[in-house]
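Asker: Here is how the chains run, residue by residue.
2 protein chains.
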Amino acid sequence: MGQTIKVGLMGLGIVGTAFVQALSQYQSDEHLFSEKIIEVKKILVRHPERHPDIRSRLTTNARDILDDPEISVVVELMGGMEPARSLILEALKGGKAVMTANKEVVAQAGREIWEASRKARAAFYFEGAVGAGIPVIQGMRRGLTGNRVQSIAGVLNGTTNYILTRMTQEGLGFSEALREAQHQGYAEADPTDDIAGYDARRKIAILATVGFNTWVSPEDIQVDGIAGITQDDIAYGLSQGWVLKLIATARRQHDTMNIAVRPTFLPHNHPVAHVSGAYNAIWIEAEPVGNVMYYGMGAGGKPTASAILSDVLQSVRDLNGPYQEFWSIGRHPKLDASGNIRGMSYWRLEVVDRPGTLAQVADQLAKHGLSLRSVYQKPLLGGHALLFLVHHKCAEHLWRTAWTSIAQLPVVEHVGSPVAIWESEQEHSDH
Amino acid sequence: MGQTIKVGLMGLGIVGTAFVQALSQYQSDEHLFSEKIIEVKKILVRHPERHPDIRSRLTTNARDILDDPEISVVVELMGGMEPARSLILEALKGGKAVMTANKEVVAQAGREIWEASRKARAAFYFEGAVGAGIPVIQGMRRGLTGNRVQSIAGVLNGTTNYILTRMTQEGLGFSEALREAQHQGYAEADPTDDIAGYDARRKIAILATVGFNTWVSPEDIQVDGIAGITQDDIAYGLSQGWVLKLIATARRQHDTMNIAVRPTFLPHNHPVAHVSGAYNAIWIEAEPVGNVMYYGMGAGGKPTASAILSDVLQSVRDLNGPYQEFWSIGRHPKLDASGNIRGMSYWRLEVVDRPGTLAQVADQLAKHGLSLRSVYQKPLLGGHALLFLVHHKCAEHLWRTAWTSIAQLPVVEHVGSPVAIWESEQEHSDH
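Quick note, the sequences are listed as chains A and B, same order.
FYI, UniProt numbering numbers position 327 of the first sequence as 327, with every residue one higher than the one before it.
FYI, UniProt numbering numbers position 417 of the second sequence as 417, with every residue one higher than the one before it.
In case anyone wonders, no lab produced these hints; they're calculated from the structure.
Some hints here could point you the wrong way.
Copies of the same chain look alike in the list, so a pair counts if it fits in one copy or across any two.
To be verified - Here are the simulated SDA-like cross-link-like pairs (lysine to any residue), alpha carbons at most 20 Å apart as the crow flies: (1) K119 - D363; (2) K334 - D29; (3) K378 - G416; (4) K119 - W403; (5) K36 - N213; (6) K36 - D318; (7) K302 - N291; (8) K378 - V352; (9) K36 - R148; (10) K302 - Q150; (11) K334 - E112; (12) K302 - R148; (13) K119 - Y198; (14) K302 - S151.
Required output: the full structure, derived from the provided sequences and hints.
Answerer: This is the structure in C-alpha cells:
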C-alpha cells in the first residue's frame with residue numbers, strides 16, 4: 001500500500017468517538033482512494049483514564065500533536081472558543097491541515113483562521129459546523145461553484161425545530177414542548193443558546209460568509225428567538241395554511257445583504273415547512289441553478305462524524321495538489337443592519353376587550369404608516385381578547401417601531417413576538 | 001491574468017446556450033479562482049446560420065475541436081447516443097477532460113467511457129445527467145465521501161412528477177394531466193420515455209453506479225410506469241394518508257442490490273411526498289450520516305447549465321493536480337433481479353359485483369401465500385365494483401405471480417398497476 005497520513009485528534013467526546021469509528025469502518029470497507037492509509041496517531045483528551053483500551057495513543061498535552069512533524073492533519077472536536085481557537089491557529093501556522101465542527105470558533109474567529117490558513121497555505125475545512133452531516137458547505141463551494149448565491153434560508157437549529165414541531169403536531173404549549181425536548185436530550189438544561197436563536201445566528205453567519213464570499217460577524221445579526229411563541233400563534237398560522245419555523249435567512253441585494261433569525265410562517269406546501277423534529281434544511285436560491293435544498297440531521301455524533309470524515313478525505317486527496325482556497329473573503333457585500341428590508345409580519349396582541357381598543361391599535365399603525373393585511377379578534381375570558389394581525393410589506397425598522405409603540409398602549413396587556421412571513425407569501429402584498 | 005483554459009462545446013441548444021451565458025456571467029462577476037480565464041473557443045453545431053452573432057467560433061466539423069491541441073476541456077451537450085458517445089470517447093483518448101449532461105450516454109455507455117477516462121487519465125464529469133443542477137453526484141462523491149451508501153430513492157423524472165402532482169392536487173385524470181403537461185412543455189409529444197419510467201431508470205442506474213461503486217445497466221432494472229394510474233388510485237392513497245410518486249430506488253444488502261422504478265405510495269409527512277411539479281429530489285440513506293435529501297429543479301437549461309459550469313470549474317481547478325478518479329467501478333455489489341426483495345404493494349381490481357367474487361380473489365391470494373393487510377370495496381354502476389387491496393410484506397416474485405393469476409380470474413375485469421408502499425410504512429407489517 002502507499003502513503004500513510006497521520007492525524008492528530010483533539011477531543012474524544014461523542015463526535016470524536018464517532019469519527020474514529022467511522023474512519024475505521026471506512027478503511028475496512030473496500031473503498032475509493034484506499035491507496036492512502038489514514039491513521040489517528042494521537043488523541044488529545046482531558047481524562048485518559050476514561051479510555052483505557054487506546055491509552056497508548058492518548059495525550060493530555062496539545063504539543064504532542066502540534067510539534068509532531070509526522071502529523072499533517074489536525075481534527076479539532078473539543079468545542080468552545082478556547083483553547084480550540086488557539087490550537088487551530090497554531091496547527092495552521094505549522095502547516096497542518098485543520099478540520100473542525102466547532103461553530104463558535106468558525107463564526108467568531110473565522111476571519112483570523114482564514115487568514116492564517118491562507119498565509120500558511122494549509123487547508124481549513126468546517127463542513128460539520130453547520131447542519132452536521134448535511135454537505136452544504138461543500139455544496140456551495142463545489143456543487144454550486146459558478147453560481148451566484150442570492151439567498152440562503154435554513155432551519156438550522158434542531159432543538160427549536162423539535163419544540164415547534166411538537167407544538168404544531170401535538171398542540172403542546174411552549175414550556176411543555178421544551179421540557180419534552182430536554183427529556184429527550186434535544187435541549188440543554190439551560191436552553192438559552194438555542195431558544196434565543198444564538199446557535200442559528202452563528203450558523204447563518206457561517207453560511208452567508210461562504211455563500212457570499214464576505215465576512216459576517218454573528219453579533220451584527222438581528223435575532224428573535226422562540227421563547228415568546230405560544231400555541232395561539234401556531235394555531236392561528238395553521239388556520240391560514242402556515243407552519244411556524246425558526247428561520248435564519250441571508251439575502252443579497254446588490255452590494256448589501258440582510259441577515260436575520262426570526263420565527264417565520266411558511267406556506268404549508270413549501271418543502272421547508274416539512275422539515276420536522278431534529279432535522280435541518282438549507283434552502284438556497286442561486287443563479288443559474290434556481291432553488292436547491294439540502295436536508296438531513298442537524299446534530300449528533302454520527303452525522304457530524306460524516307462531515308469530519310468527508311473533510312479529512314478531501315484534504316488527504318488534495319495534499320499532493322495545489323492549495324485550494326475554499327473560503328474566500330471578498331470585498332462585498334456588506335451587512336445592512338439599518339432595517340430597510342421590507343417584509344410582512346404577524347403580531348398577537350392581548351388587549352382589553354372594550355369599545356375603542358381596535359381603533360387605538362389601528363390609529364397607532366396608521367401613524368407609523370403601516371397598512372393592515374388582516375385582523376382577527378378572538379374573545380378571552382375576563383374581558384380580554386386576542387388580536388391577531390398581519391400588516392402589509394414595509395421596512396423592518398418601521399414595523400419594529402410601530403410594534404414597540406403599540407406594546408405601550410394602555411389597552412394592550414401584552415404583545416407576542418413578531419413572526420415574519422416567508423417571502424413567497426408576500427409577493428402580491430406590496431403596499 | 002493567468003492561464004487561459006480553452007473549451008470546446010458540442011451542441012448549442014437550450015442547455016448549451018444557457019451554459020455559455022452562465023460562464024460569461026460567472027467570469028464578469030468577481031469570483032473565486034478568477035486567475036484562470038475560461039474561453040469557449042469552438043462550438044460544434046449543425047446549423048451555424050442560426051447563430052450569426054458568434055459565427056466565427058462555430059464549426060460543423062467535430063475534428064476542429066478534437067484535433068485542436070489548445071482545447072483541454074470538451075463539453076458535450078448534443079444529447080442522444082451517437083455521435084455523442086464516439087465523440088466523448090475520442091476526446092478522452094486525446095487527453096481532454098469531458099463534461100456531459102447526457103444521461104443516455106452515461107447510463108448506456110458509462111462503463112466504456114469510464115475505462116477510456118481512466119486509461120487516458122482524463123477527467124469525466126456528468127453532474128448534469130441526473131437531477132440537472134442538483135449537485136447529487138458531487139454530493140455522493142465529495143460531500144458524503146467516506147459514507148457507505150445503503151439506499152438511494154428519488155423523484156427523478158419531472159414529467160411524471162408534474163402529472164402525478166396535478167392528479168393529486170387538482171383531481172385531474174391521467175390523460176387530462178398528461179395533456180396539460182404537454183401543453184406546458186413538461187412532456188414530449190411522444191411521452192413514452194418518461195411515462196413508462198425509462199428516463200428514471202437511466203438516472204437510478206447512474207446513481208446506483210456512483211453510490212455503490214459498481215456498474216448497473218438500465219436494461220436490467222425492473223420498471224413500472226404511471227400510464228395505468230387513475231384518479232381512483234390517487235384518491236384511495238390520500239384516504240390512507242399516502243401520496244403517489246414515481247420513485248426510483250436502489251438498495252444494497254450485503255453483496256447484492258435491488259433496483260426498481262415503481263409508482264409508490266409515500267406517507268404524506270415524508271419530505272419526498274412534498275416534492276411537487278417539475279422538481280426532483282434524491283433521498284439517500286448512508287452510514288454514518290443517516291438520511292440526507294437533495295432537492296431542486298430536475299430539468300431545464302439554466303439548472304443543467306449550473307451542473308456543467310460547476311463540473312468545468314472543478315476540472316479546471318484539478319487540471320494541475322493529480323488525476324482524480326471520481327467514479328470507481330468496484331467488484332460489488334451485484335444486481336439481484338430474482339425478485340426476492342420483500343415489500344408491500346397496493347392493487348386496484350375492477351370486479352363483477354356478485355356473491356363469491358371476494359372469495360375467489362382471497363382464495364388466489366392464499367394459494368400464492370399472500371396475506372391481506374387491508375381491503376376496501378367501492379360500488380360502481382352496472383354491477384361492477386372496485387376492490388382496493390394492500391397485502392403484507394412478501395417477496396416481489398410472489399406478489400407479481402399472484403397479481404398475474406388474479407388478473408386472469410373471470411370475475412376480474414381489470415387490474416390496475418401495482419403501487420409499491422414506501423419502506424418506512426412497512427416496518428410493522430412483516431408476516
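Asker: Now, for every hint given, state plainly whether the structure supports it.
Answerer: Consistency of the hints with the structure:
Proximity of K119 and D363 under a CA criterion of 20 Å is satisfied in neither setting, with 59 Å inside one chain copy and 77 Å between copies. Taking the shortest Cα distances, K334 and D29 sit within 20 Å of each other only across copies (16 Å), while inside one copy they are farther apart (46 Å). Only within a single protomer do K378 and G416 lie at most 20 Å apart by alpha-carbon distance; the minimum there is 15 Å, versus 50 Å between protomers. For the identical chains of this complex, K119 and W403 are neighbours neither inside a copy (48 Å) nor across copies (68 Å), given an alpha-carbon limit of 20 Å.
Proximity of K36 to N213 under the C-alpha cut-off of 20 Å is restricted to the inter-copy arrangement: shortest distance 18 Å between copies versus 33 Å within a copy. Both within a single protomer and between protomers do K36 and D318 lie at most 20 Å apart by alpha-carbon distance, with minima of 12 Å and 19 Å respectively. Within a single copy, K302 and N291 get their C-alpha atoms only as close as 28 Å, which misses the 20 Å cut-off; across copies the closest is 11 Å, which meets it. Taking the shortest Cα distances, K378 and V352 sit within 20 Å of each other inside one copy (12 Å), while across copies they are farther apart (54 Å).
For the identical chains of this complex, K36 and R148 are inter-copy neighbours only, at 18 Å across copies versus 35 Å inside a copy, given an alpha-carbon limit of 20 Å. In this homomeric assembly, K302 and Q150 come within 20 Å of each other (Cα to Cα) only across copies, at 15 Å, whereas the closest approach inside a single copy is 31 Å. Taking identical chains as interchangeable, the C-alpha atoms of K334 and E112 lie at most 20 Å apart only when both belong to the same chain, with a minimum of 18 Å there against 49 Å between chains. For the identical chains of this complex, K302 and R148 are inter-copy neighbours only, at 12 Å across copies versus 32 Å inside a copy, given an alpha-carbon limit of 20 Å.
For the homomeric pair K119 and Y198, neither the shortest alpha-carbon distance inside one copy (31 Å) nor that between copies (52 Å) is at most 20 Å. In this homomeric assembly, K302 and S151 come within 20 Å of each other (Cα to Cα) only across copies, at 17 Å, whereas the closest approach inside a single copy is 29 Å.
Consistency with the previously given hints fails for numbers 1, 4, 13, ordered from lowest to highest.
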